[in-house]
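Going down the list, the sequences are from chains H and L. For the first sequence, the working numbering begins at 1 and goes up steadily by one. For the second sequence, the working numbering begins at 191 and goes up steadily by one.
Simulated from the structure, these hints should not be mistaken for lab results. Mixed in with the good hints there might be a few duds.
Simulated restraints on C-beta separations [to be verified]: (1) L:294 x H:153: 53 to 61 Å; (2) L:399 x H:69: 46 to 54 Å; (3) H:27 x L:524: 49 to 57 Å; (4) L:372 x H:34: 35 to 43 Å.
Where chain H lies over chain L, by a calculated footprint (3+ residues, C-beta under 8 Å) [said to hold, decoys possible]: (5) 211-222; (6) 417-425; (7) 486-495.
For glycine and all other residues, C-beta sits at the position ideal for the given N, C-alpha and C.
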Amino acid sequence: MTAPPETAPTDAELLAASVRDGDRFTAVYDRHYAGVHRYVAGRLGPQAADDVVAETFLTAFRRRAAFDPSRGDVRPWLFGIATNLIAQHRRTETRRYRALAKVGADRDPGGHDDRVAASVSAERLQPSLARALAALSRKDRDVVLLKALAQLTHEEIADVLGIPYGTVGSRLSRARRKLRAALPAHTEGP
Amino acid sequence: MDELQMIATMLDEPPAPDAEAAVRRRLMDGMREPERAARRAWRRPALWSGLGLAATAAAVTGALTLTSGTAPRAPDPGPGAVRPMSAKTVLLTAAEHAEAAPSTGTYWHVRTLTSIPFHGGPRKGGYWGSRLTVGETWTLRDGRSWTGYREAGVRIAPKDEAAWKRDGSPNKAASGHGLFKDKGPGTFLVCDKEMSFTQVQALPAEPAGLLSALKRAMLHNDDGPVPPSAQRTFVAGCLAGLLADVPVAPKVRAAAYRALAATPGVTVTGRTTDERGRTGIGLVVPEGRGGSSTMIIDPDSSLVLSTTVGHGSGGKDVARIILEAGWTDASPKVPALP
Chain H
1 MTAPPETAPT
11 DAELLAASVR
21 DGDRFTAVYD
31 RHYAGVHRYV
41 AGRLGPQAAD
51 DVVAETFLTA
61 FRRRAAFDPS
71 RGDVRPWLFG
81 IATNLIAQHR
91 RTETRRYRAL
101 AKVGADRDPG
111 GHDDRVAASV
121 SAERLQPSLA
131 RALAALSRKD
141 RDVVLLKALA
151 QLTHEEIADV
161 LGIPYGTVGS
171 RLSRARRKLR
181 AALPAHTEGP
Chain L
191 MDELQMIATM
201 LDEPPAPDAE
211 AAVRRRLMDG
221 MREPERAARR
231 AWRRPALWSG
241 LGLAATAAAV
251 TGALTLTSGT
261 APRAPDPGPG
271 AVRPMSAKTV
281 LLTAAEHAEA
291 APSTGTYWHV
301 RTLTSIPFHG
311 GPRKGGYWGS
321 RLTVGETWTL
331 RDGRSWTGYR
341 EAGVRIAPKD
351 EAAWKRDGSP
361 NKAASGHGLF
371 KDKGPGTFLV
381 CDKEMSFTQV
391 QALPAEPAGL
401 LSALKRAMLH
411 NDDGPVPPSA
421 QRTFVAGCLA
431 GLLADVPVAP
441 KVRAAAYRAL
451 AATPGVTVTG
461 RTTDERGRTG
471 IGLVVPEGRG
481 GSSTMIIDPD
491 SSLVLSTTVG
501 HGSGGKDVAR
511 IILEAGWTDA
521 SPKVPALP
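Produce the entire structure from the sequences given, and follow the hints as far as they go.
Right, here's the structure in full:
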């Protein structure tokens, strides 16, 4: 066993190392599984998510030699791959939102985690919000969800979607306007 | 809380602990055999098979009425008499019966039971279950429509029942219900495009024409472009959706079944029962890359009994049981429990 390096390798270093030694790729997976899963499961639901998340990392594995660190980080690159795969399961995605709009608000009211307080106020609005989300164009929805679920920066979203930086801002504000319009006025944040 | 946080909260699906291990296993397999994995549709172990029947057995009481195509069904020949059947034969039989199905009545009425998976309890551990909702729509030929719903409780996997009870059995007696007159005219989703009753009635009644109409709907759909690589299977999914709950003329339904019979990749899984215990034939329709939706049809009545959009078999799919779909004279009312 070699001495541990002084600092943990960056994602890009891990990915570069995995070109020669494929097994190193599992470290990339370990770091990003939770984030990618949250993004994909949010859009497609838990069942489809497992498949798409596996496919995302496999696609990344196959393309690892072509990753260019000068063009952005590994994390947004993974979200870009996931977003392209999600586009192929659009029917699953819109059906999920429509289902959420129908079922409305019974999201784990007796739940244990600390997001319960937040979800209580959100839950009454779920049908409107889910409907509004389903009504967004896919372009706008990609931007909204890369922001809301993946917490990418504007710049990263621009890289992921291959669109100019300014377009990210304009799509996001347009989409947020539509989402806000679908919600009752008094529910806007402080 | 702003709308982006609200969306994040609404869409949050905590990963199940076993899911991570399963995804890792697939990744490791794929890393070892990258080429084969690229072309292989993912298959998950059928951990949840049997769940539906076990958990709903108590609820399956009383006969379910199919509002059209009430041709008497041949008795189930039993497992000893199973003949091999092709998807084509099954679908062409359904096409013939679709053509003869009645289409008179005041309202187009669809009654469904939707099952949406959720993860409850603590983030680690916890349990999986499904929330059940009965939804009904009634649409008049002039487009006026009504929507009703009734919460029908939850279904918990037998292995998770203890965890759910420890959690206080949430949603055991969910009882929300209602009936609303819809504001706008009722529309039907055809290839992700909202269509009016009149537009739906104008769909072509022969397979090739119907396919082009669906393709047009897909290309101009309301949700944005479909990647070219996914378009062929997307249209196959549209045919399945059309057959499930859109009020098209009997000849159009027959054309949809014929088009599906000619679609490559549609396979038959054989005689099966849906989650309500109704007998039908299971079909798998490819959808997107590696994904598929399954449907159970009753070839004798030509009705679609259930559709499941998912990527394998298992209780974590969003399943839609079509309890009734057809024309009726009965007025809209608050949905009853199934």
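Now for the hints, and whether the structure bears them out:
At roughly 59 Å, the beta carbons of residue 294 (chain L) and residue 153 (chain H) sit within the given window of 53 to 61 Å. Checked against the given bound of 46 to 54 Å, the beta carbons of residue 399 (chain L) and residue 69 (chain H), roughly 52 Å apart, stay inside it. Range check, residue 27 (chain H) to residue 524 (chain L): Cβ separation about 55 Å, and the 49 to 57 Å hint holds. A hinted range of 35 to 43 Å for the beta carbons of residue 372 (chain L) and residue 34 (chain H) is consistent with their spacing of about 40 Å.
Here the stretch 211-222 of chain L counts 8 residues with a CB under 8 Å from a CB of chain H, which clears the bar of 3, and the coverage holds. Residues of the stretch 417-425 of chain L lying with their CB closer than 8 Å to a CB of chain H number 4, which satisfies the three-residue condition for coverage. With a threshold of 8 Å between beta carbons, the proposed coverage of the stretch 486-495 of chain L by chain H is violated, since 0 of its residues qualify and at least three are required.
Of the hints listed earlier, the one the structure fails to meet is number 7.
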